[in-house]
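Quick mapping for you: the protein sequence lines, in order, are chains E and X. Per the numbering used here, the first sequence runs over residues 1 to 366. Per the numbering used here, the second sequence runs over residues 1 to 111.
Read the hints as simulated data drawn from the structure, not as lab findings. If you're wondering where the values come from, they're calculated on a predicted model, not measured in any experiment. One or more of the hints may lead you astray.
[To be verified] Straight-line alpha carbon distances no greater than 35 angstroms define the calculated DSBU-like cross-link-like pairs of lysine-lysine that follow: (1) E:LYS168 x E:LYS196; (2) X:LYS72 x E:LYS182; (3) E:LYS182 x E:LYS201; (4) X:LYS72 x E:LYS85; (5) E:LYS116 x E:LYS80; (6) X:LYS72 x E:LYS80; (7) E:LYS116 x X:LYS72; (8) E:LYS168 x E:LYS85; (9) E:LYS116 x E:LYS182; (10) E:LYS182 x E:LYS168; (11) E:LYS168 x X:LYS72; (12) E:LYS219 x E:LYS182; (13) E:LYS168 x E:LYS116; (14) E:LYS116 x E:LYS85; (15) E:LYS219 x E:LYS196.
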Amino acid sequence: MSTDVTTEESRGLFIEVAGTDLVFRPVSIADRSPTGRQILGYCDVAPREEYIVLQWLSEGDVEEVRSDETVNLDGQTAAKFIVSKADRLYRFFLNDRSLSWPDRSISEAALRILGKIPSAELLYVRREVESDRPIEVGSSLPLADLGVESVYSRLAQWDLNVQGVTVKFDRPDVLVRDALVKAGFNPEQGWIIVLKTRDGKRQVTIDEMVDLRSPGIEKLRLTPREINNGEVPQSRRQFRLLPVDEEGLTARGLRWETFVDGARRWLVLHAMELPPGYAVASTSIAIEIPSSYPTAELDMFYCYPQLSRQDGMTIPQTQVTEAIEGRGFQRWSRHRGAIAPWRPGLDNVITHLALVEAALLREVEV
Amino acid sequence: MKLFQKLISWVRGLFAERPRGVEFIEGDELPVHFATRNLYVAREDGELWSAGLNCPCGCGRRLEVMLLDEVKPRWDLSIDNSGLPSLHPSVWIADGCRSHFWLRHGEIHWC
Ligand SMILES: [Zn+2]
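Pulled out of the complex, with its shape left as it was, chain X reads as follows (with noise of 0.2 angstroms):
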């Protein structure tokens, strides 16, 4: 599966896949369906909830993962200057596609 994973991930690398943005949601919660392959950020009074994307491998799961500091699990959000997203640490799903990888500057690296 891993193997599998690197394979898809370097074979859209051939194509120079667009790195992921991110849109920012007003509000608690997340929507139920992401529109695109951005990343999407629960913002509310400045402070950011959670994170969610539609997962990488192509299985159609919707993924979030939470940023609140109260919270545990939890990730940090990091924006570079070309406005691209970094998560920290790895995002690695407990079952189904069990996907595992690092969100770097908008782009998907697996683990």
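Just chain E, with the same shape it has in the complex (with noise of 0.2 angstroms):
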């Protein structure tokens, strides 16, 4: 018989009541124009006098609704309320409008349900002397150390400065290499790439990806990698010549290494005089390692960097470039022919050199 309070015209008339969860369900009511006292009655909580409402309106300010104050409930849709447990309010602006929060804190979640914003969009506090704070995804805001908060929300955007050219991303992990292209560096030159940030700084890859979200990022620097600082490295040794060519070589003051790249096997000896008449005055000179040498013959080399002649006239058969670790040398398609086979057991690394080096000298013969 309770229920008889429920007039005609308020029969099926309800409210969206949360907590500061802003989890919404519907609260039945008896009245178009409900008090902030009656509210708290329909919601059944108690003590009514340690509760808060607040109505949310649709225009998304939130503002308090006091015990003796009146709400009218004309709107097409559901209000909206929070009701909190609260000994007083926190006021706030979210993208320019006003609420008011029954807690000391409100979690990001909150402020993007409240301000109706999208994931693509980054909240930030405004702050008048550092520059504004981004609310991280999952924290939540203090609301009651400084004075009233303003909070607002922008795509997201993330600034790089590249050597002084400041470039803007809309995602956060970003290429170094991108950030090169964007910036307007050629990113094959070769650089020597210092990743610098508040914390200190680190030499980064132009493969790297770097996480521009990282507090503190300031920049990537840039110098060129054309400069060796004299110090030889230490050539490899990855497979074994025959101790004839091991001893030739060193004898004859040659830097070089063997490697395996991919399932070839390379010698270079870097740093080769030229004989004059090239436009470079040294290169490096690769030599393939067949697996079965020194059974199997040595054939033809290989140069990096290319070589050309420097009155321009072009060099026969050395149109293909091979790449060697990521280097493009150029392929002299020099044979050995029936007039000089290959000798197993006679012939091997330091008289294929002979050969090479006859081949460089011909090319520039007067």
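These two chains come separately, so use the hints to put the complex back together.
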């Protein structure tokens, strides 16, 4: 019989009520103009004087409804209320709407709900002196520490200074290579790249990812990688040559290394001086060492940097480029042929080198 | 080429070339152009970032080497009582003029 207070007019009338979690549930009401006290009654909370009623207005503001204050529910949609135990309210701004909140802090998730802010946008707290502070996903904003906080949202955007050029990204994980391209630097040129942050610095490679979310990222600083520091790097010896080869190369004072790239075995001789007539003074020379060497013959050789004649004349049979550890070596198709066939047991790297030197000299001989 | 550089160095030596001094630049970068033949050093909050000079061979190239601890390759800079800079180890340009030299007490020693 007690339900008889429901009039015809108010039948089926309800409001939506949530706590600070903003999970709304419908609550039936008997009256289109309830007071704050009546709303607490509909919500069945006690003691009522310890609770606060807030109305979340359709424009986005959140306002207190005092116990003797009347709310007019003429709207088409159900009115939304936040009911929470609280002894005071904290005021703040969210995208220029004024909100009251019954707790000392508000979660980032609640801010997004109240501001209808999509996940593509980031939340920031306005600051006067320092730069505006982002509100991280999953964190909460204290409301009791400072004065009235002002929160705003904007599309996610990350800035990075690349050697004095500021580039903007719409995602926080950035490949160093992409950052260089976006800033107008040629990533293939060869750079010493230093990632400078508030806390320090570290060298990064062109293929590294930088997380712009980490605080204090300032800058990618570039220096051309064109100067060696005169310290000869340790030469690699990934496979052995014949003793006569190793002794011969060392006796000639050559800097050489052996390594495997893919399935192919390479001997590379560094800083080989060239006879006059080439555009460069020296080159690296690569010789492929077949796995069945010295039974199998050594054939051809490869130059990096690629050689050209000073007079611009083309060098025959050098048009093919071979990638060795990512460097484009110029293949010199010079074969032993019938005149000087490979003699297993007699020929080796040193005798092949004589052919290499002869081939290099032949192209620039007057 | 090397012989030519040594020759130039020797000829210049005859005219008793003035040693190179040091100019500190506040910040983590060096200027795009070096106005003098001095060694320019980028220094930020007391930390040395890099050193630069115009290539001593006269090719006009701007050279820059890193001084930061965290970076490879890197060089050590020392400055003697007369304010003259030395770089360790040698400076060796990988392409172009391929200059290879030491800077010791403000003077270029060709390799
Ligand atoms: Zn030069």
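Evaluation of the provided hints:
{"no.": "1", "hint": "E:LYS168 x E:LYS196", "result": "holds, 17 angstroms"}
{"no.": "2", "hint": "X:LYS72 x E:LYS182", "result": "holds, 25 angstroms"}
{"no.": "3", "hint": "E:LYS182 x E:LYS201", "result": "holds, 22 angstroms"}
{"no.": "4", "hint": "X:LYS72 x E:LYS85", "result": "violated, 61 angstroms"}
{"no.": "5", "hint": "E:LYS116 x E:LYS80", "result": "holds, 14 angstroms"}
{"no.": "6", "hint": "X:LYS72 x E:LYS80", "result": "violated, 62 angstroms"}
{"no.": "7", "hint": "E:LYS116 x X:LYS72", "result": "violated, 49 angstroms"}
{"no.": "8", "hint": "E:LYS168 x E:LYS85", "result": "violated, 44 angstroms"}
{"no.": "9", "hint": "E:LYS116 x E:LYS182", "result": "holds, 33 angstroms"}
{"no.": "10", "hint": "E:LYS182 x E:LYS168", "result": "holds, 9 angstroms"}
{"no.": "11", "hint": "E:LYS168 x X:LYS72", "result": "holds, 28 angstroms"}
{"no.": "12", "hint": "E:LYS219 x E:LYS182", "result": "holds, 14 angstroms"}
{"no.": "13", "hint": "E:LYS168 x E:LYS116", "result": "holds, 25 angstroms"}
{"no.": "14", "hint": "E:LYS116 x E:LYS85", "result": "holds, 25 angstroms"}
{"no.": "15", "hint": "E:LYS219 x E:LYS196", "result": "holds, 5 angstroms"}
Checked against the numbered hints given earlier, the structure breaks hints 4, 6, 7 and 8 and satisfies all the rest.
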